[in-house]
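Chemist: Let the hints inform the model, and build the full structure from the sequences given.
Going line by line, the protein sequences match chains R and F.
Those letters in the first sequence? Residues 6 to 289, by the working numbering.
Those letters in the second sequence? Residues 1001 to 1259, by the working numbering.
In case anyone wonders, no lab produced these hints; they're calculated from the structure.
Watch out, some of these pointers could steer you wrong.
As the list claims (entries may be wrong) - Below are the BS3-like pairs computed for lysine-lysine, each with C-alpha atoms no more than 30 Å apart in a straight line: (1) Lys-58(R) / Lys-1182(F); (2) Lys-139(R) / Lys-58(R); (3) Lys-213(R) / Lys-197(R); (4) Lys-135(R) / Lys-1164(F); (5) Lys-85(R) / Lys-1056(F).
Unchecked claim - Each pair of labels, with its calculated beta carbon distance range: (6) Gly-165(R) / Ala-1023(F): 40 to 48 Å; (7) Asp-243(R) / Gly-1096(F): 45 to 53 Å; (8) Leu-1011(F) / Gln-136(R): 54 to 62 Å; (9) Gly-30(R) / Gly-1123(F): 50 to 58 Å; (10) Gly-165(R) / Gln-1019(F): 32 to 40 Å; (11) Gln-1019(F) / Gln-110(R): 52 to 60 Å.
What the hints assert, rightly or not - To give a feel for the contact side, a few chain F residues facing chain R, derived at Cβ under 8 Å: (12) Glu-1155; (13) Asp-1158; (14) His-1159; (15) Thr-1162; (16) Leu-1163.
Glycine is no exception: its CB is placed at the ideal position from the N, C-alpha and C atoms.
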Amino acid sequence: MNNPIHYREAEPLLRIQNVGLTLNGQVILRDVNAEILDVIRDVDEVDRVNKVKQGQVIGFLGRSGIGKTQLFRILAGLQKPTTGQVLLGEQGIPVERGMVGVVAQNYILFDKRTILSNLMIAATQAGDTKQVAKERAMTMLERFKLTDKANAYPKQLSGGQRQRIAIAQQILCNNHYLLMDEPFSGLDLVMKGKVSELIQEIAQMDEKNTIIVVTHDVSEASSVADELWLMGRDRDSDGNEIAGSKIKMTYDLKVRGLAWQPGITLTREFLDFTTEVKEKFLSL
Amino acid sequence: MKKYIPEWLYLPNMKPSDQIMWAIIAVEFVIGILLWQNQTFELLPKPLEVMAAFPKLLKQDLIYHLMVSFMLFLEALGIATLFSLFFAYFSRFSVGYPIATGVGLLRFLGMTGLTYLFQVTLGGGYILKLSMLVFGITVFYTVGMVSVVHDIPEEEFDHARTLKMGEWHVLYEVVILGTLDKAIDLLRQNSAMGWMMLTMVEGLVRSDGGIGTLLLNNDKHFDMASVYAIQLCILATGILIQFIIDLLQRAICRWEVRL
Ligand SMILES: Nc1ncnc2c1ncn2[C@@H]1O[C@H](COP(=O)(O)OP(=O)(O)OP(=O)(O)O)[C@@H](O)[C@H]1O
Ligand SMILES: [Mg+2]
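Modeler: Right, dumping it as structure tokens:
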């Protein structure tokens, strides 16, 4: 057995309530409900000292075309749902564009601006003065080890470097919430590991940081996330799919003691867990 | 046997060295001149005859006429660019889209009736030439630019919006700044078109001079050597304009440069 890590759950950070989406008469999403709670980790259970800043990472799985990107657009306030709402924070503020960062599949940046300018504009959009924006941008470049690229243009970066800048840009502008659409696709094994580390790092930068990561790979999702969401469709009595996807299943890796432990992916429990999820995934 | 023939001579998609490429250009240029020299059409003057026409043309103020045309062209290109970009950006507004599309459709109109219309509404002489040129360039430039502005992937708009940008800011960042490279590309293409229209437009109003006027005057007198000499000047100036826009593009579009 692995040692369970002590944690407790506090107030909700994000609530998806009865979200439905119909586009051009086609039902894409139906009754999507989910909730992300603030996870608080105490290293010493007895006197609750040594608090670790622990953000939340959700692994978001679902077949191609099921509606993940559409749900992301709703979560980011870019698309108004046909029904339901998305609420942020304890006060339950309805989401508006700019409150939730999105790193798209193709790492979009402002191609006509330098890397530094890309980051500075994100910071000034968050309300910083030019000077503060520059300082924060430079700090971010240092953290992502891209200081030497400050004056380069996005087209002069490799795919992995673009991805890091795209993430940095969203972190500078949007507090706490980050949606990542397939950050692992097209990366080699080493890079995948690096992106995993990066996601963990961002998660631990702030107690309230909340990251939702779309991937098609169950093991990958389980290795970074502390919770999994599986998206799928309901079936009628004849076994035919009903239009409109929802979050059909959630798995809590924290409860199973499978979260936050670097070596965990090699253990028997972890393998058993991913096998279980894969079977469920295929049956959805 | 095949070994002795270099592949670039008969295979497509080859990339010979710069020296070889320049050699190919030189050889083909010389062949072109030789073909010209040895053609048998009586009306078409030979290269040396055309060259011989230059001193006479210089006495007819060739340089002055060329400058007059060049300045007219620059002014028209500048105004047409402003109009075209305005229509294209305006097409991102629901109320602007039909207008911009309509402007583009005007390219199917003939010039004949328009000359009269412009003359009556705007005035004759220089203004007439300018407005005809501006019209000709704008209709084509607008069509190209509207399609560029509407080909921007939706994700780029979303990206700007996730950075708390309002729609006006998105318009500036994604539409105007984001398509700057394409705007210059289209400027180059449409400047060639405008330059081609120039001699025709200058034929409408001859009092100001200009290379088109000079061309028509010599054509009237069946001085074919001079006509072709002037055509050579027009060609050379056109190439120069392309070159200048190339330099402009290289100076502005630093984001394209690979490190
Ligand atoms: N504008 C639209 N109008 C109508 N239907 C749309 C529109 N955009 C997307 N869809 C449909 O919505 C469904 C969900 O698409 P979405 O892009 O969210 O899938 P996804 O889960 O992200 O897939 P992938 O993993 O391949 O990226 C698809 O069936 C798609 O055809
Ligand atoms: Mg998708």
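Chemist: Hint by hint, work out which the structure violates, then give me just those numbers in ascending order.
Modeler: The structure breaks hints 1, 5 and 11; every other hint is satisfied.
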